[in-house]
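*Asks:* Residue numbers (my numbering), protein chains in the order written: chain A, 1 to 294; chain B, 295 to 627; chain C, 628 to 1037; chain D, 1038 to 1319.
Honestly, the hints are just simulated from the structure, not real lab data.
Be careful, since some hints might not be right.
To be verified - Interface residues of chain B toward chain C, partial, derived using beta-carbon atoms under 7 angstroms:
| no. | residue |
| --- | --- |
| 1 | 327 |
| 2 | 332 |
| 3 | 396 |
| 4 | 399 |
| 5 | 444 |
| 6 | 531 |
| 7 | 532 |
| 8 | 579 |
| 9 | 581 |
| 10 | 614 |
Where a beta carbon is used, it is the ideal one built from N, C-alpha and C, also for glycine.
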Amino acid sequence: MSGFFQATIYGLLQGGLLALVAVGFSLVWGVMNVVNLSHGAFVVLGAYLGWQLHSSLGLDPFLGMILVAAVLFCLGYAVQRLLINLVVNGPIFITLLLTFGLELLLVQGMNIVFTANYQSITTSYAGNAVIVGDIQLPLGRLLAFALAVVITVALVRVMSRTRVGMSIMATGMDRGAARLMGIRARHVYAVTFGLATALAGMAGTMVGVVDTFNPAAAGRFTLLSFVIAVLGGLGNMYGALVGGMLMGLVQAWGGYFLPGTWVNALAFLLLVVVLIFRPSGLVGKAFYSARLEV
Amino acid sequence: MAPTLSPAWRQRWPWAAGILAVAAAFGLQTQLYSGQVRTIGTIFMFVALALSWNLIGGYTGYASFGQVVFFGLGGYVTAALMTHAHWSFWLALPVSGLLAAGYGALIGIPLLRLRGHYFAVATLGVAEGTREIVTNLPDLTGGGGGITLPTVGAAASTKYLGNDGFYLVFLVLAALCLLVTALVSRSKFGFALRAIHQDEDAAAAVGINTTRTKVLTFALSGFLTGLVGATYAFQQVTIYPERLFDVELTVLMVVMVVIGGSGTVLGPILGAIGLQFLSEWLRQNYTTIHTLLLGAIIIAAVILLPQGLVNYLREARRNGDYSLLANVRRYRL
Amino acid sequence: MKTPRYLATASVVTLALSLSACGSKGDAGGDAGAAAGVLNLGASVSLTGKLAREGTLTQEGYQLCQDKVNAKGGVKVGDKTLKLDIKYQDDTSKPDTAAQLVDQFNDQGIKLILGSYGSANTEAQAAVIERNNQVMVDSSGADNNIFAKGYKRTFGVLSPATEYAASIVKAIAELATPKPTSVVVLSADDGFSKRAADGAVKAAKDLGFTVLETQYFPNGATDVSSALNKIKGSNPQVIIGSVHLAEGVAIVKQSKELGIKPQGFGETVAPPTPDFVTTLGADANGVLGSSQWTKSASGKDDYFGTAMQYEADIQAKFKHEAGYHNAEASAACLAFVLAIQKAGSTEADKVRDALAALDAPSFFAQLKFDATGQNSTKPMSVIQIQNGKMVTVWPKDSAEGKLIWPGLAS
Amino acid sequence: MSATPVLETRGLGIRFGGLKAVDDVDLQVPEGQTLGVIGPNGAGKSTFINLVTGHLRPTSGQVLVDGQDLTGAKPWVIAKARVARTFQIVKPFRGMTVRENVAVGVMYGPDGMTRMGPALHRADEVLEQVGLGAAAGRSPGELSVADARRLEFAKALALSPRLLLLDEVMAGLRPGEIEPSLQLIRDLKAQGMTIIVVEHVMKAILAVSDQVLVLNAGQRLMLGPPRDVLSDPTVIEAYLGHKYAARQAAAQAAQPTPSPSAGAAPTLPAASAGSEEVSPDA
């Protein structure tokens, strides 16, 4: 049975990290009703920046992550302010096409700047495992899991305690009313997107530590974020955490009980089933869904 | 502003010219090289795909992000029938279309209850899930390793059509999609689609059976896409689930319809031709950065022409103002 | 109501657009290349998309071949010498685009084609080559299927896929002391990897190993923990990975994380790629890798010299160690050059016959094609990563160093 | 005039979680009658209409149209049973002309015309009837508030209904614009159509209603002739709150009781109550 526990633990650790990958995507979709197809590209960009800091400055990725977050926040802020704000009121596939164009731009840009080589941020300690009974807890994944959960909880705290957080939530619920209260919607939207890309960047750096990546991996992360965001309920930060964990477990258990190739099929069928029976996600009502667009 | 033509002729003029163009296109391939014939064949393929997506995404306003599932299903049903049952392609083609339509109805009934983003993501989930299922049925579909249709020697139930042959089949499919779209847009059925697009509750209130109309449209769109997928599979000879269910194909269909002008007859055609020529031209001249430029151009097109070329031209012609500025401000925050 | 008067303009526009943009039949045609003292080879490679990494390595191989050949004055065709000029197109790692580009090369009168990267792209191109009566030398499509369709105009410089993983099993059986007994094969779910996996299982059974059930995972997966968990219980002494780079790295990295310690790892494709060592660092040491070519390969030719010379040239031009992806591409280009010179013409059928009859030594390997067009006599070589460097350990005659076994510091 | 009522509801109700939006409403509307429906905001008026037209599925009770049980039927089934409605917030089909908006109803309504020609012709007739004949070719986005309401009217009439449900057709209209709508309702009454008018504009209720139903917190408070209903203290209290009703009763007690002529009776103020500041005491 130890194989099963090992798979479960592994799935949970993986799920925590996937949650952080997806939480930004869920935030953008929930608050601004924008489906960001370039989200995966920002995750990979975060990995490359973390790798660059590590290889040229020797900065440990888990520290470099903070710098990566800052850089990506500014990039995200600019992208929203200059590009996405121009079409944010449009029908759903307008914002989607814009972010698709952005994804092409980012992925090919990384192909040219960082070349298509497979990279990984190799640290001395990440591969070693903490052994509990006969369960192996890889240090790198454990650290990534812990940080992912801490950051997500911190995000929820920020969203519900600070002024910025409140303004984001308010704009998400009813942009018209929020603007009447003096909230500068354009700025708040840009902050939200910046926050989302910063989170994606941090998750990307940690993915860089535990995984290998190259520009083509962007699509995979966007797809994962889709599934997790819907599982957890749009714009619901805790939901993204639960959705991520669930995704990790489904992939782990699926892989354990079924032939390895069935893993992805399970994840998508789970998505469709959840959508049909609980469109608002598993974790309570996504309170953003009922709102007026002005 | 009514043109000087007599009403009856004004009614039929577009149809006549449409048929003339399709007929002319038939003769075109005799003038071209086999490479060019194949390139234009691919353009007709995308015209057909864009028109069939337009039925559900443009007219009815249900943005299906899993449209490639019909493309892939059509391809794999034909591949299975021709490889295992040794059917002729001409028999497998309609059957693949019908099965794709059936699948569309089957998934449509639960999914078409969802609206907006949720429908888009659900169909994306179905497409990705179906690809994984196809990958995991190796004895029927060859799984990840791909499947090869018999086109050489005795096993070939239908002789390989070659570039000219596939050019004609894709042209016929594009013409079929054009005919269906034209009929739908002018008929009672087209009104029901537009009504559902604008406001489903109001549509139901005037007696439109919205559920049946949506499922029917989704199945029809699936049928046409399935036919194109089946032809593509025969053309490629060896097919892989990764390519047949590639989400990029769906996104390309959406790009073509939105930039061309969704909910119109002409939009998807212009969008498909324009985008295919653009990406082909970029590939030829900027080999290393052509996808980068394509991304930039799509961003520009979406910002400058959010409602699509045809709708922009129509509105500009009606109120005489051709400035793009109004477009940029249209959806601005 | 939107009157469909636009329907008409659209259809007329369709006609006009397609006519104008493609130009009439007259202009591109005939063997334009030869006249201007230049020999054009067409090469559609994957510069973008999933296979961008391996596609770039393939292009490097072709570029070095062009430099080397032109440095020696060019290709001698009868009395004339032609400058070699390879035309590149990016097929975005998609088989249908790769096939379409071969058709487009055919329009431009380019009949001699260098293959794209990967079995899927090559297989799609081979079908078109056959129909257009072009000729292709395939640099990286090892899947036996390509050569099982009765095609006559495609020649592969590589050993077949079934040899890829089998060579590692043979090397272990021959060299490893103490000789391990149990083997498991983990395979990606794509045509090439499955063929290679079957080859390994068959070889292992023939050599008396107890072979556990083969585990599969999705193509391009970077998380293979589910497959590893399943085999953890039976702790096999040798894990063979029939994979590409991403899965290869994942197997080694996640085995360490899950505490799976076999006596040694052996993988196809991944270990000889430079990225393997850069991404795994110290964990890469001890891993065996099957490779089409290593810098200690015997054999030489008058364009590239010896394998060692080839290694130095790649290092000089592209600033990284030469991998077999570079070497197989240069070998494909070399095969064309030798065949054209033997045929004394650039005409497709003559070059095809010359290739079929070719039997020439090269820095890569003996270039000889069987009836189906495969270089079936060419042996694979097996390397082992020893403190960050690729060391050839098998076959014995071209071995550089001894096999360290057990590979993993257990 | 058949005996069975055009519309009958028995114990009709719907609950959203704990909230009973419409609670156990019994109603019978005989053919040709015009029923006014009033009640404070949130009384469940629109919800009641949505239950009748099938846009909401009742959690309890029955809906019978001409004696036929259509409880929980789909909206288009009920529409085909000649039950038409307007929406409180106008729902035009943009992207189509005004004439086509109406033609959709003609094509998909009970008459089910399939050919375009006759459908468009019938649409023009309906547009003339509601006074929108001139705007037939324009797009709905260009209409004024009053015209947009008329388009809602026309879309409903396109089904040539037996039962017409008007959901606050007068809301937001200037006094001058109310009169033509009232005249239209009177004409339809004359043709024997059964109409349910949900309104806050008391002037309109008084002008056209044969009977008035008062809803409060989802329950049926009262049903009776307009005059009695509007002067009934419990109705006033429901509308204007306890304190106002008490002051009114006190003032009435102090005066000698004049005959309850229309003008002097303490009825609800004529101005549309919807927008006035009703401050129910906490």
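*Asks:* Indicate, hint by hint, whether the structure satisfies it.
*Replies:* Against the structure, the hints come out as follows:
Interface hint status for residue 327 (chain B): upheld, as the beta-carbon distance to the closest one in chain C is roughly 4 angstroms, under 7 angstroms. Among the interface hints, the one on residue 332 (chain B) holds; its C-beta lies about 5 angstroms from the nearest C-beta in chain C, closer than the 7 angstroms criterion. Interface hint status for residue 396 (chain B): violated, as the beta-carbon distance to the closest one in chain C is roughly 26 angstroms, over 7 angstroms. Because the closest C-beta pair between residue 399 (chain B) and chain C is about 28 angstroms apart, greater than 7 angstroms, the hint is violated.
Interface restraint check: residue 444 (chain B) against chain C, minimum CB-CB distance 10 angstroms, threshold 7 angstroms, status violated. A least Cβ separation of about 5 angstroms between residue 531 (chain B) and chain C falls short of the 7 angstroms threshold, and the interface hint therefore holds. Using the Cβ-Cβ criterion of 7 angstroms, the hint placing residue 532 (chain B) at the interface with chain C is satisfied: the shortest such distance is roughly 5 angstroms. Annotation: residue 579 (chain B) was flagged as interfacial toward chain C, and the flag is violated, the nearest CB pair being 11 angstroms apart, outside 7 angstroms.
Checking residue 581 (chain B) against chain C: minimum C-beta separation of about 5 angstroms stays under 7 angstroms; hint holds. Look at residue 614 (chain B): its Cβ only gets to about 18 angstroms from chain C, farther than 7 angstroms, so that hint breaks.
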